[in-house]
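Given the sequences, and given the hints that come with them, work out the whole structure.
Protein chains in written order, with our numbering: chain A, 1 to 253; chain B, 1 to 318; chain C, 1 to 96.
Hint data in this document are derived by calculation from the structure and do not stem from the laboratory. Careful, some of the hints might be misleading.
[As the list claims (entries may be wrong)] SDA-like cross-link-like pairs, simulated, lysine to any residue; straight-line CA separation at most 20 Å:
1. Lys-293/B / Thr-5/C
2. Lys-294/B / Asn-94/A
3. Lys-130/A / Thr-55/A
4. Lys-227/A / Asp-178/A
5. Lys-68/A / Pro-249/A
6. Lys-181/B / Ala-243/B
7. Lys-130/A / Ser-51/C
8. Lys-66/A / Gln-81/A
9. Lys-293/B / Gly-93/A
10. Lys-163/B / Arg-41/C
Since this is a predicted model, take the numbers as computed values, not measurements.
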Amino acid sequence: MANINELKYTYSLRIADNAWILSHRLSEWCSNGPLLEEDLALTNIALDLIGRAQTFYNYAAQLEGKGKTADDLAYRRNERQYYNNLLAEMPNGNFADTIARQLLMSVYEYYFFMSLQNSKDETFAALAVKTLKEVKYHMAHAADWTVRLGDGTEESHEKAQQAIDNLWMYTGELFEADETDTALIAQGLGVDNPSLHSLWETHIKNVLEEATLRLPTADYMQTGGRKGVHTEHLGHMLGEMQYLQRAYPDAKW
Amino acid sequence: MSINTAPAIDDARLSKFEESVQRGDAVEPRDWMPEAYRRHLIRQISQHAHSEVIGMQPEGNWITRAPSIRAKQILLAKIQDEGGHGLYLYSAAETLGISREEMIEQLQTGKAKYSNIFNYPTLTWADIGAIGWLVDGAAIVNQVSLQRTSYGPYSRAMVRICKEESFHQRQGYEIMATMMKGTPEQREMAQDAMNRWWWPSLMMFGPHDSDSPHSSDAFRWKIKRHSNDELRTKFIDKTVQQAEVIGLTIPDPELKWNEATGHYDHGEINWEEFYRVIQGNGQCNKQRIAHHKKAHNDGAWVRAAAEAYKVKQAVKNN
Amino acid sequence: MATDTQLDLWEVFIQSRNGSHHMHAGSVHASDRKMALQNARDIYTRRGEGSSIWVVPANSIVASNPDDADMFFDPADDKVYRHPTFYVMPEGAKQI
Ligand SMILES: [Fe+2]
Ligand SMILES: [Fe+2]
Ligand SMILES: [Fe+2]
Chain A
1 MANINELKYT YSLRIADNAW ILSHRLSEWC SNGPLLEEDL ALTNIALDLI GRAQTFYNYA
61 AQLEGKGKTA DDLAYRRNER QYYNNLLAEM PNGNFADTIA RQLLMSVYEY YFFMSLQNSK
121 DETFAALAVK TLKEVKYHMA HAADWTVRLG DGTEESHEKA QQAIDNLWMY TGELFEADET
181 DTALIAQGLG VDNPSLHSLW ETHIKNVLEE ATLRLPTADY MQTGGRKGVH TEHLGHMLGE
241 MQYLQRAYPD AKW
Chain B
1 MSINTAPAID DARLSKFEES VQRGDAVEPR DWMPEAYRRH LIRQISQHAH SEVIGMQPEG
61 NWITRAPSIR AKQILLAKIQ DEGGHGLYLY SAAETLGISR EEMIEQLQTG KAKYSNIFNY
121 PTLTWADIGA IGWLVDGAAI VNQVSLQRTS YGPYSRAMVR ICKEESFHQR QGYEIMATMM
181 KGTPEQREMA QDAMNRWWWP SLMMFGPHDS DSPHSSDAFR WKIKRHSNDE LRTKFIDKTV
241 QQAEVIGLTI PDPELKWNEA TGHYDHGEIN WEEFYRVIQG NGQCNKQRIA HHKKAHNDGA
301 WVRAAAEAYK VKQAVKNN
Chain C
1 MATDTQLDLW EVFIQSRNGS HHMHAGSVHA SDRKMALQNA RDIYTRRGEG SSIWVVPANS
61 IVASNPDDAD MFFDPADDKV YRHPTFYVMP EGAKQI
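Spelled out as structure tokens, the structure:
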């Protein structure tokens with residue numbers, strides 16, 4: 001059985017990976033947004049996520065105690081050593097795909113960080129309070145756009161529905177609890193993920209209803225992110241992201 | 001505007017306008033202004049806006065390859081600022097009676113230009129340093145001088161932009177400085193970027209004063225406050241010293257300090273290259289516009305959805 | 001394809017901190033109020049410039065006409081008695 005610091009290390013790393021990988025996706029929107037204003041809005045969200053990744057990587061590095069930096073964790077691991085949820089790495093697709101991913105993820109994050117505020121680990125609790133402010137904004141942004149797209153034109157309605165349907169099978173994983181989770185839940189340090197599911201689903205259902213969209217019924221759920229088993233997309237992202245760090249291992253930037 | 005006004009009244013207005021500009025008063029959107037003044041401003045401000053927006057692309061080319069968390073954060077925030085600058089400037093131009101839709105169309109059809117510098121490619125990470133340091137460095141010299149331009153909305157946009165620009169040049173210089181302190185490969189990369197970006201940066205100030213087509217009106221109306229050559233010299237003077245401090249060589253064997261003028265003299269700029277790139281034969285001209293069109297077209301259904309939603313809500317609330 | 005829309009123009013007013021006036025900061029494009037407010041936030045308060053935002057559809061603003069400036073503003077120029085400096089204070093009296 002891993003000791004408590006190892007568990008917290010893994011936990012912090014997972015939160016950081018979710019933020020880091022998703023921020024990378026959002027940063028790909030830069031100069032590609034549907035309206036200049038929206039380009040800036042997506043970048044703001046990306047910057048929030050990068051900041052979040054950095055603080056949780058820092059904490060992970062500190063817990064690990066091997067003198068690593070946040071950059072080492074962000075840039076110097078292989079595909080199988082990233083523990084983000086699969087949803088975070090899904091490609092941007094069209095704007096509806098990105099908004100659907102933002103909605104499904106940010107509503108989850110909202111309930112997750114609400115709960116993490118009560119962690120007995122002071123750092124987790126404090127970081128959760130700070131993160132929650134950003135998440136509320138991300139959630140509003142995603143929900144408002146979901147409604148506009150769902151209740152906009154026929155074309156946008158179709159695209160929004162398609163996006164939600166396509167991503168649905170990557171949402172089950174968000175509510176899993178493995179040994180790390182279970183051990184931390186038992187000590188009052190981590191979030192009881194499975195208990196968030198119904199809150200999340202109700203919330204999503206309400207947004208979709210306002211958007212005149214259907215809650216998907218497909219129930220097969222993908223899994224693997226927390227074990228480092230990813231989609232094909234992640235490897236390509238890392239190849240690009242880590243290029244300079246890999247090509248010039250001795251260089252400082 | 002004022003198409004039906006009698007010529008005599010226009011003459012009186014014109015002299016009143018010229019006097020007030022000479023006094024240093026700002027011109028505001030609803031004030032009477034000569035059509036040529038309006039046209040000049042629309043051309044200049046929209047070109048400036050397009051430059052900010054197209055300028056997001058060469059730097060955006062490295063966001064997903066930024067080598068550290070900090071570098072990625074800074075670059076993303078910097079490019080976002082440029083988008084914001086484009087937006088402030090589009091708004092300033094809109095006060096002159098042109099819509100953003102029209103301006104975008106002019107950009108995409110080649111009727112409106114953007115700064116030539118963004119038709120050069122960003123080949124290595126050092127190019128991100130070189131752009132921030134040299135390109136933003138050159139832009140800021142120009143923009144500081146435009147803070148006192150005669151058209152109020154343009155001048156206010158420039159004040160805001162200059163405030164935000166202040167970190168852009170620094171972050172670029174920091175990238176260059178860090179690389180120059182790094183491995184031999186990094187130093188080589190930095191010098192290579194310097195070699196490729198130096199001359200195009202000097203070209204950003206435009207042709208020599210003697211060959212500058214739009215200048216005289218622009219000066220009389222205080223749209224432009226300093227000449228191309230004045231601004232270019234200012235840029236060179238402050239940049240040479242910064243290059244020396246970090247050990248970069250300026251790729252101009254004729255560059256030397258001139259005691260008499262108190263400025264640097266520089267070698268001749270390759271104007272043939274300048275005009276070749278302006279005319280569309282830079283490496284990236286087609287690529288930049290194609291990228292802009294793609295984003296614009298891909299986003300059309302999103303904007304249409306937002307419009308449709310607005311209309312539906314209005315019907316519901318009535 | 002249908003003609004392009006870049007959505008509607010809104011004017012943005014930012015209050016930098018409680019107690020101060022909302023000041024005109026610039027404009028944004030947006031199709032509805034929520035979007036206008038969010039866009040204004042994302043564009044004009046990225047450096048902590050604001051504690052409150054107003055957005056107003058640009059076409060709802062009524063502006064005075066510069067041609068009316070004479071009749072609107074000049075009559076106020078000779079009402080010097082509206083300024084405290086118009087009044088003579090007796091020697092030795094203290095300012096309140
Ligand atoms: Fe710029
Ligand atoms: Fe700029
Ligand atoms: Fe800049």
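Here is how each hint holds up against the structure:
no., hint, verdict
1, Lys-293/B / Thr-5/C, "14 Å, holds"
2, Lys-294/B / Asn-94/A, "12 Å, holds"
3, Lys-130/A / Thr-55/A, "11 Å, holds"
4, Lys-227/A / Asp-178/A, "9 Å, holds"
5, Lys-68/A / Pro-249/A, "14 Å, holds"
6, Lys-181/B / Ala-243/B, "13 Å, holds"
7, Lys-130/A / Ser-51/C, "18 Å, holds"
8, Lys-66/A / Gln-81/A, "17 Å, holds"
9, Lys-293/B / Gly-93/A, "17 Å, holds"
10, Lys-163/B / Arg-41/C, "18 Å, holds"
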